[in-house]
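Asks: With chain A's structure known, arrange chain B on it following the hints.
Protein chains: 2
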Amino acid sequence: MGNKIRIGIAGYGNLGRGVEASVAQNPDMELVGVFTRRDPATVSPAQPETQVFAWDTLAARTGDVDVMILCGGSASDLPQQSPELAGLFNIVDSFDTHANVPAHFAAVDAPALETKHTAVISTGWDPGMFSLNRLFGEAILPQGKTYTFWGRGVSQGHSDAIRRVPGVAAGVQYTLPAQPAIEAVRNGEQPELSTREKHTRECYVVLEEGADAAAVRETIVSMPNYFADYDTTVHFISAEELAEQHNSMPHGGFVMRSGDTGHGAVAQDGTAHRQVIEYGLTLADNPSFTASVLVAYARAAYRLAQAGNFGAKTVFDIAPGLLDIRFAGELRRELL
Amino acid sequence: MGNKIRIGIAGYGNLGRGVEASVAQNPDMELVGVFTRRDPATVSPAQPETQVFAWDTLAARTGDVDVMILCGGSASDLPQQSPELAGLFNIVDSFDTHANVPAHFAAVDAPALETKHTAVISTGWDPGMFSLNRLFGEAILPQGKTYTFWGRGVSQGHSDAIRRVPGVAAGVQYTLPAQPAIEAVRNGEQPELSTREKHTRECYVVLEEGADAAAVRETIVSMPNYFADYDTTVHFISAEELAEQHNSMPHGGFVMRSGDTGHGAVAQDGTAHRQVIEYGLTLADNPSFTASVLVAYARAAYRLAQAGNFGAKTVFDIAPGLLDIRFAGELRRELL
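First to last, the sequence lines map onto chains A and B. Reminder that position 10 of the first sequence reads as 10 in the numbering used here, one-by-one numbering, no gaps. Reminder that position 115 of the second sequence reads as 115 in the numbering used here, one-by-one numbering, no gaps.
The reader is advised that the hints may include incorrect statements.
Stated by the list, open to error - Heads up, incomplete: computed chain A residues facing chain B, CB under 7 Å, no partners named:
| hint | residue |
| --- | --- |
| 1 | Ala110 |
| 2 | Leu113 |
| 3 | Leu281 |
| 4 | Ala284 |
Unchecked claim - Capping the alpha-carbon separation at 30 Å, the derived lysine-lysine pairs in DSS-like fashion look like this:
| hint | chain 1 | residue 1 | chain 2 | residue 2 |
| --- | --- | --- | --- | --- |
| 5 | B | Lys145 | A | Lys4 |
| 6 | B | Lys198 | B | Lys145 |
| 7 | B | Lys116 | A | Lys145 |
| 8 | A | Lys145 | A | Lys198 |
| 9 | B | Lys4 | B | Lys145 |
| 10 | A | Lys145 | A | Lys4 |
As the list claims (entries may be wrong) - Per the computed footprint, the stretches of chain A lying under chain B, defined by three or more beta-carbons under 8 Å from a beta-carbon of chain B, are:
| hint | region |
| --- | --- |
| 11 | 28-42 |
| 12 | 81-93 |
| 13 | 216-222 |
| 14 | 316-323 |
Bear in mind the hints are in silico, worked out from the structure with no lab data behind them. Even glycine gets a Cβ: it sits at the ideal position worked out from N, Cα and C.
Chain A with its partners taken away, still in its complex shape (with noise of 0.2 Å):
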């Protein structure tokens, strides 16, 4: 092992913590520290050896950081930081707003080739690991159809949906999956499924004192775009088991293709040749595991560097074996 590449964290909420304690699983990388818009003396980090800098100190830090990882939201943070610091470092962001994402690769784009950086943009697991296998599902199985659906986990939109009607005084909203949806899937039927029967919602709510509770559960479920058009549960419980019973941040869901190949053997009942691959996440903790991805992607970006392989670049563009600790040859003995 050479040199570790060398890791910095831009923003640090749930995501870069994930990222710092990621790190810390990878031996070829170090951290070099997190760079944070608030006051650094207010910041306590969770590994008490890490480093915390003033965001303003990030321009004269580009010879410290191989590969910077940013943490900030896909609202406003990233549209602006990710082209800003892709003129400065190699970077790895996790933009999720699926349909920005053209006009961000190229906002991203044009600075990282200018300064000859490389930029991951969009990683993570949805997009990312998900939009993978939608694409190694179609790629394979062109006649068929594509299938996504998350849950169990928190929807943060939600959660904050039901925060701010009236008589709420806290909440949290969990997507689910649909079982029965997801069985006609496997079984290869692909159906079509309508929004109310792709994913239900549940809905764990206190109460304001003196808030009528049916009042609070006909506005949650009958509120468009949020909750109207699915089959929504609403549950009153207890400040106490709102802090004891729904503190973590679970999350996961599933991408499933099912398709029909040309050659082979029909089945009893006529339908031919049909297969289904299915790719499944159950996540005790979502930014974890997006921070996870993200540190797998930074490695990959510092070997595309150092291959002089700049711009802006997602997980379409990025041959797997990037991703990974061990070098070809290693991969191919150990895990082909």
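Replies: Just chain B, lined up with the frame of chain A:
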């Protein structure tokens, strides 16, 4: 769409027929024909328009074929054919003797580099998609355990073994993944599993007239290497039932990675940050699915060769986007 990718098929058994059908599903490809070691006049292709050529005309067709897909077996065909044909064409093979992959890679790499061809070896589903999922799992969750389960599916080697037992007229063997083992991994238990705990074996046997069923059963279940280390069930059936109920080639299995990330909520039972990744295949027809993977990698081989990226490659070396008919901008917009 410019010119189509011109595909040749070297060897025409179940796998070759699967490739023939898969090429027809991919509008950017066309089939030049099938090359066979049999007398071409005796070969009836599944699609009447498919041309059949003699094997010894291969060397004369190097200008007509962009990628040759090798559909022979790993025991004796591919160790000889892949190095030979990689000196004439871009190739794809499904070499699946895991222990000999490094030697096969080296034997193919040299002629491919020397003649400026791209040679994708050892693709399909295992090795192939399962290998990729072992890699993704281990790169993302370096602290954890990897599990591969196969089945339910026909094992040719084990089917051959039961047919060699005295008193057996015909038979087929299915490998089944053990459900309790899979459930334990899904639940994040990271069990240590013995051979017997991972898979069971199910045999459907047609007896010769006058054969002693009890003796045949005992010979099968106690056969070293093949059955002695497994819980094996033997069903005696009629030749008619074998022909009607066991004439297809289903297969599949699971690759699972159970790992721990360092940061995040700790579960109520004290297990920390357990994350589970699962990739599963349920294949109605094993050879035609393998064929579909080979065809997607033929597209990648073509694109790598066009880019001057020659030599032997495995699934680990190939950016996933190269597999799909769509180009990078479309993939980002539609799938990321």
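Asks: Does each hint fit the structure? Answer for all of them.
Replies: Against the structure, the hints come out as follows:
no.: 1; hint: Ala110; result: violated (15 Å)
no.: 2; hint: Leu113; result: violated (15 Å)
no.: 3; hint: Leu281; result: holds (6 Å)
no.: 4; hint: Ala284; result: holds (5 Å)
no.: 5; hint: B/Lys145 to A/Lys4; result: holds (25 Å)
no.: 6; hint: B/Lys198 to B/Lys145; result: holds (14 Å)
no.: 7; hint: B/Lys116 to A/Lys145; result: violated (38 Å)
no.: 8; hint: A/Lys145 to A/Lys198; result: holds (14 Å)
no.: 9; hint: B/Lys4 to B/Lys145; result: violated (43 Å)
no.: 10; hint: A/Lys145 to A/Lys4; result: violated (43 Å)
no.: 11; hint: 28-42; result: violated (count 0)
no.: 12; hint: 81-93; result: violated (count 0)
no.: 13; hint: 216-222; result: violated (count 0)
no.: 14; hint: 316-323; result: holds (count 7)
Comparing the model with each numbered hint stated earlier shows that hints 1, 2, 7, 9, 10, 11, 12, 13 do not hold.
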